[in-house]
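Protein sequences, first through last, are from chains A and B. Using the numbering used here, read the first sequence as starting at 1 and increasing by one per residue. Using the numbering used here, read the second sequence as starting at 1 and increasing by one per residue.
Hint data in this document are derived by calculation from the structure and do not stem from the laboratory. Just so you know, these numbers come straight off a predicted model, no measurement behind them. Be a bit skeptical, because a hint or two may be false.
[Claimed, not checked] Here are the simulated EDC-like pairs of lysine to aspartate or glutamate, each with C-alpha atoms no more than 20 Å apart in a straight line:
| # | chain 1 | residue 1 | chain 2 | residue 2 |
| --- | --- | --- | --- | --- |
| 1 | B | K139 | A | D43 |
| 2 | B | K286 | A | D370 |
| 3 | B | K312 | A | E101 |
| 4 | A | K45 | B | E113 |
| 5 | A | K58 | B | E303 |
| 6 | B | K133 | A | E72 |
| 7 | B | K140 | A | E72 |
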Amino acid sequence: MENKNKIILDIDGKKIEATPGQTILEVANDNGIFIPTLCHHPDLKEKASCRMCLVEIKGKKGMYTACSTKAENGMEVLTDSPSILRARQTNLELMFVQHKEECGDCIVSHNCKLLEYAKKFKVRINRLPDRKTGYPVYQFGPALIFDSSKCIDCGNCTEMCRKQGISFLEKRQKDTFYQIKPCLEENKDCIYCGQCIVHCPVGAFEAVGEFENVEDPLKDKTKKVIFQVAPAIRTSIGEEFGMEPGVNMLGQMTAAIRKLGAYKVFDTSVAADVTTVEEAKELVSRIKNKGTMPMFTSCCPAWVKYLEFFRSDYLPNLTSVRSPQIILGGLIKNYFAEKEGIDPKDIVVVSVMPCVSKKYEITREELWMDGIKPVDYVLTTRELGRLFYNHKIDLKKIEPEEMDDALGVPTGAGVIYGASGGVMESALRTAYKEITGSELENINFESVRGMEGTKKAEVDVAGKKIKVAVVSGIANAQKILQELGENPHLYDYVEVMACPGGCIGGGGQPVPTDKEIRKKRAAGLYSIDKDKKIRLAHQSPIVEKLYKDFLGEEKNAHKICHTKYSKKKREVEIKE
Amino acid sequence: MNKKEDVILKIKESGLTGRGGAGFPTSTKWEMVKNQKANKKFIICNSSEGEPGVFKDLYLWEQYPEEVVEGIKIALETIDNSIAYIYLNKEYYKKLKIKLEKLCKGLPIVIFEKKWGYLGGEETAACEVIEGKRPVVRKKPPFPGEAGLWGFPTLINNVETFYHVAKIMKGEYKNTKFFCVSGAAKKEGVWEFPADTTIRKVLQESGNMPEFDFFVQVGGGAAGEILLPAELDQPVLGASSIIIFDKKKTDPYELMKKWADFFLEENCDKCVPCREGVYRISEMVKAKNLDREFLDDLFFVLENTSFCSLGKSVATPFRSLINKVL
């Protein structure tokens, strides 16, 4: 009997089973059949503009793009022929010579599809001058750089920017060409999420590079360089060395950072435990004292920037608690410096973050402590990989080491901060204790986990129903704000991360990043949490000691852990 | 049989094909839109006429505006819950707005100004433009007849097609077509002849057969094919325009530059072969240095891998001019 949920087609002479609705490209990918693509990204709508995934279909004239053509029962597809090769060669050459190569300093140089295909299809890459030589380079705040001379006009960045609800990048006509450019309107600004970076196939976007700046303090004997590593990068840094996403490389990364010459290596997840304790306290206090509700999380600087620029009417909803990277920087330069008898001025704090908006966060002066910045440099996951490469350190070959005790042992709660829903789950685990005085039996809040952009749940805390929403992606947050506009009491607590899937899908993460990869990185974090003995932030011995010795004092807690927000005007300046 | 089915049957029997250039059977389009299940449908009278040498829409608006509007009215009556747009290029909008508003008074017809150039005439690009976006061609399927303006079934026909529909319903249709003759012509203008009239006959009958050494571009002043005097015994395909060139007085590089500039300006820059291919052709033409082998590759990807019909049509004028005249 015919199975209605299956179709059978022929690709290159092989009979293949597929699901109705799948594109030829999806079927080929599922079956390990190679079809080259450049503009295709699984997160985005197919645009069929690079004209590389060309195939021939028996009985039909011409060539078809596999990304946009649905597989049909009985179809006979050819993925290679002299005509297909000729078309791919010519189209690839045309893209190669619009794009200005900067291979020596390019984030995708080790996995560049343009280069890979140029070799594979024997394309003449030097016959013609690069069309985009002299095209402008734009800088977006302290976070991002867009070199438009590398752009191949696929439009992935503009689509992603629009999908984020920001639409800062746009196609504008100049001379006879539509070019991708930042917009000029005063009522739009970049929030530095960096999703353009991880969706660009040719490395036209990159974080403002700081990894070279770190070399000097590392060599300077009078400076003590202290690294902190964010929760989300331990299960993604391996990808920079060709490993599968989701493998926990914390030990290897710690050893490698020490090899660079770092004085200490600490875990941002420890400060996430502090954030959790402070945020749970604030939530309970807002509920008890009828403060502004719902409370919003604030550890994502792109989300904070979004509210400050686009929706300042919601600033009172943001928790005053600082983000984990800033709290840990503050603890290092105060608590730890004092304990060790080091002048904070001799300490250089380097954060490794899955994020580019964290580069922006450290420039916010309201977070500085008497003129001292909590964090001096922020490297992305990719930059740390580059730094290791430059020092000839192979993460795959190095023996793992433990982190430094003082601020290096987090609970499971601190680790899951890297995935969307993690902050919420950690805070709920601790808020329960805060409200009831007793500990939770089942600490797993499955309803706020997973890759969906919006997750809603009602959590019973000792008879009190707490309504929560967890969103990733700013467009999803916009929907929540819209709902709140209609009914302000719809939620009590809202977690927002600007990037899809949370920090594991951040703009500082390895390229490529897509849904499957994000899932694996998040699964890695949850499995670390599962294996931890201590999984509740308030039970952390480090946190207990911090409160006993230092944060117990109101003045210290305020200085290290809390902040304010203010309405912002457009920050990115573009000279046309 | 009800009146609506009768209209479509009559169009079918007349054998009318779209007069915008693609030559698709008109009754098939009408039937498709009529049979779609949707609570709203649209009709677009396409008068975007953006290619050099093509100016019959304007002629029809000036000579037979009542007949064209009658054709749109028939479509509105045939297709339930429909609203029509008359989609005019900037120049025509300026010239015709007041006149058309008077003629369409009381009818659900919007007079729309297309603020974009040539590509805005492509069916799916027209939908984008009316929706307020820039003209970028959409992927087909779905065809506009299934999901066009704002996703609703949309009938798009050229001005001349609507004119003939009115004629069919009056029983006056004689399978004619309007031909534009221009360039080095004695009498530039628009003539109505039987649809299958050959190029030679159009030139002769309109009094435009040159007495000098010449070639013509047929099917539009940008995408049309170059034909020599020995090749004129064939019907006019595509946009029904014939442009006459005096061979002695025409610099082929100047001509190619004009085409290249036109395509550079008018294409949407979406797909690689058209955006980059046209640019590379333009560079070679400007430098008067044609790499024939590379040009062949460019023509190949333009014709075989372009996203839309504009890109697919770019190679024709260049290749025919280079092969026949250069």
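Tested hints:
no.	hint	result
1	B:K139 / A:D43	holds (19 Å)
2	B:K286 / A:D370	violated (63 Å)
3	B:K312 / A:E101	violated (29 Å)
4	A:K45 / B:E113	violated (30 Å)
5	A:K58 / B:E303	holds (19 Å)
6	B:K133 / A:E72	violated (32 Å)
7	B:K140 / A:E72	holds (16 Å)
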